[in-house]
Amino acid sequence: IIHIAKGSFKQPGGYKDVIRGKGHIVLALEAALWAFWSADTFEKGAFNAVNLGDDTDTTAAIYGQLAGAYYGYHNIPTQWIHKLYANQLI
Numbered sequence: 058i059i060h061i062a063k064g065s066f067k068q069p070g071g072y073k074d075v076i077r078g079k080g081h082i083v084l085a086l087e088a089a090l091w092a093f094w095s096a097d098t099f100e101k102g103a104f105n106a107v108n109l110g111d112d113t114d115t116t117a118a119i120y121g122q123l124a125g126a127y128y129g130y131h132n133i134p135t136q137w138i139h140k141l142y143a144n145q146l147i
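Residues 58 to 147 (this note's numbering) make up the sequence shown, in order.
Don't take each hint at face value.
Said to hold, decoys possible - For lysine-lysine, the following DSS-like pairs were computed, each having C-alpha atoms within a straight-line distance of at most 25 Å:
#, residue 1, residue 2
1, 101, 140
2, 101, 67
3, 101, 63
In case anyone wonders, no lab produced these hints; they're calculated from the structure. Note that the coordinates shown come from a computational prediction; the quantities given were computed from them, not determined experimentally.
Just need the whole structure built from these sequences, with the hints factored in.
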């Protein structure tokens, strides 16, 4: 956790070199933070998260929570929201 707090997810090369969400929560957190840090929109970051490979569902779930809080509901692609089950409750 300390290396993540020190910004390991910000390193050049990112996922190409060492960042992978491999099923361990700490690695998934680092991968999600990298996806958030490396993109300037909710959509780009989500694609970064799922394209890392390995444990993408955990990485993307963490990313979605962080990015959703940061970007807000109105910056999530509308076509994605319409495909969600019970989207009218959001």
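Agreement of residue 101 and residue 67 with the hint, judged by alpha carbon distance not exceeding 25 Å: This hinted pair holds, its Cα atoms lying about 16 Å apart.
Agreement of residue 101 and residue 63 with the hint, judged by alpha carbon distance not exceeding 25 Å: Holds, at about 24 Å.
Residue 101 paired with residue 140 [C-alpha distance capped at 25 Å]: Since the Cα atoms of residue 101 and residue 140 sit roughly 18 Å apart, the hinted pair holds (cutoff 25 Å).
This entry satisfies every hint, going by the numbered hints stated previously.
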